[in-house]
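Number of protein chains: 2
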Amino acid sequence: MKREAAFGAEPQGTAPRRRVVVDLGARSYDILIGPGLIDAAGAEIVARLPGIRAAIVTDETVGRLYLTRLSVALRAAGIEHVEIVLPAGEKTKSFEQLAHVVDAILAARLERGDAVIALGGGVIGDLAGFASAIVRRGMRFVQVPTTLLAQVDSSVGGKTGINSPRGKNLVGAFHQPSLVLADTALLDTLSPREFAAGYAEMVKYGLIDRPAFFDMLEADLGGVFGGGAARGEAIRVSCEAKAAVVAADEEEHGSRALLNLGHTFGHALEAAVGYDAARLVHGEGVAIGMVLAHRFSAELGFCPPEDADRVAAHLAAAGLPVRIGAIPDAPLTVEELMRGIAQDKKVEKGRLTFILTRGIGRAFVANDVDPAAVEAFLARELDR
Amino acid sequence: MKREAAFGAEPQGTAPRRRVVVDLGARSYDILIGPGLIDAAGAEIVARLPGIRAAIVTDETVGRLYLTRLSVALRAAGIEHVEIVLPAGEKTKSFEQLAHVVDAILAARLERGDAVIALGGGVIGDLAGFASAIVRRGMRFVQVPTTLLAQVDSSVGGKTGINSPRGKNLVGAFHQPSLVLADTALLDTLSPREFAAGYAEMVKYGLIDRPAFFDMLEADLGGVFGGGAARGEAIRVSCEAKAAVVAADEEEHGSRALLNLGHTFGHALEAAVGYDAARLVHGEGVAIGMVLAHRFSAELGFCPPEDADRVAAHLAAAGLPVRIGAIPDAPLTVEELMRGIAQDKKVEKGRLTFILTRGIGRAFVANDVDPAAVEAFLARELDR
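Residue numbers (the UniProt record's numbering), protein chains in the order written: chain A, 1 to 384; chain B, 1 to 384.
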């Protein structure tokens, strides 16, 4: 369902570029991966969307680092644009900031054929993407993800949205970008903790249905963290894996739910610490959640216990937490976690839906998990 | 592209029901038209969406008249629901009220498979529909339109949205309902002015591409205004006409723009009076706008002047204004109107797009209209 191609020699010199095509018929689009892409953004956008004007949406932190470079690249390609700079952080994914971004786009008199360009991590991508989905009932959208998490996960697949006081990502739209530019050189400024958080989502693709990719990550963990070719290739495989799932089930009526491996437990953990990033960021919650999903699957007799141990060992080697007890200041209770699980939006008609697994690379959607079994399992895990 | 069928004998007795199918593949849906449908709402919804829960969204005026009846009908069919009652009026189509409705839907813990039911006119339908499009990235949506304008226009076709301080309907989504229940008996409580405003949109379908329908309206104006079979049939033809346009171009990339016949001038007039409904409601703006579109087309040599006169005579007979000078307290200027036209969202890449016509039932999209010609035409019209 996916094609890939070496991207050929480019003005950036000999730096290798990789390409993944997200295959959605008339709405198909390219993900370009490689160092220096931010400086080629204008040319790549103009080649696909000639004549457009644009609004760059970014946050103060990322803006300080990269906004000028992106702006120069757009100007060089003749793309007239405005800049919308927001406060950094998860709180920006609010109705209030959405209204602000929408107003700024309209103030610039952009039209349906023009583009919103998200320069930042998941928060900016989700918010800017949602704004582009609803201004004039849908504008063009381009992603320039600046974190590993955004490059391998949130910038691919068209989920956009904001948070509600009642939960994360409860308001949004499916709106596919026209282009994703993943500049891998930008990852060099990430903290190790932030890189590891994105790495958890890469591991997830191996665990869902690509056991050979998991083997590769196990074999070359140092190479992927070190940058260079191994990192670029791991990002490419991750995007390809996500693109394949999205192409098969764009609006999550079925198999796309596999991408939630580790996320039901992970979201419950994030909620239980009040989304306090000092204690737990999303990728860390997913890391613990994936280990729990494997252990729970092992308890239920689906998954070999050795596979669960292997997953935990690899994530720990990557510097990620793998037990609930590893969360700082975490005397969490079963009740808190069960409440988080029940509120998770993957609940359908009151039954618990979990992504379980038969082993590494063999995840499946289970629609009818017994809440009592989850509760008993969590009670034991809290004592680990 | 459309099918229709007599709806057969129903528990409501012998009142005739009509059905129009909006043909959008997997997202096709029924529009049911007839007296007493509000009392059958529960049964009709359950037959299509078994097991759902719902949120009824309405305004204080409509709620006082019909909320209890709809609620009783849902309860009788076993549909658990909450009620969300908003202030009446165009100001309700705001980000603030959208956030309020979204929060109330989430507070009721409705899921993606559950439904938002809009009970009201265009404001409620647009706002509730938009909320249903973005809560959990898309819930089910049912329309129970209570005005003629909503029954023949805004409830059909999936355009949802809110206003921005920078203009009307600038923020929204395409989100098709699962069912539209047009209870024609509810129209009996409309004021003559409100009925006439909806009637302008009915005439529009004749003018776009159904000259025989225009003939029918001319021949039986009294019957349509009087209620009964002629009114039901005219509503059915109108819904069928709109459904055909929508099925051919759901997201307005081309021919759907024909539905804007009379609307570019009409929106400019509404904007020029500051959306003061005491001076001009939407349907009245459209009535004047359609006359202007025919006269302008005649000036440009496209349309026989007799056709323009015939359109004006029929709309005047229906009690609608047909000259700019008919707007109360209206010393409007060409500059104001041109500003409104330039801001209209049908502007693409700076050129003026108008719906022009070669005569009754022969409208077409003109993408490259000269602003100077429009300006000169409006100057003459202001002197009429």
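Just so you know, these hints were derived from the structure itself, not from any lab. Treat the hints loosely; a few may be bogus.
Note that the list lumps identical chains together, so a pair holds whenever it fits in one copy or between two copies.
To be verified - Here are the simulated SDA-like pairs of lysine to any residue, each with C-alpha atoms no more than 25 angstroms apart in a straight line: (1) 91 / 353; (2) 91 / 365; (3) 91 / 352; (4) 168 / 108; (5) 168 / 97; (6) 91 / 167; (7) 91 / 233.
Hint check results:
no., hint, verdict
1, 91 / 353, "neither (28 angstroms within a copy, 41 angstroms between copies)"
2, 91 / 365, "neither (31 angstroms within a copy, 44 angstroms between copies)"
3, 91 / 352, "neither (28 angstroms within a copy, 40 angstroms between copies)"
4, 168 / 108, "between (29 angstroms within a copy, 16 angstroms between copies)"
5, 168 / 97, "both (15 angstroms within a copy, 20 angstroms between copies)"
6, 91 / 167, "within (12 angstroms within a copy, 28 angstroms between copies)"
7, 91 / 233, "neither (33 angstroms within a copy, 52 angstroms between copies)"
Of the numbered hints stated above, those contradicted by the structure are hints 1, 2, 3, 7, listed in ascending order.
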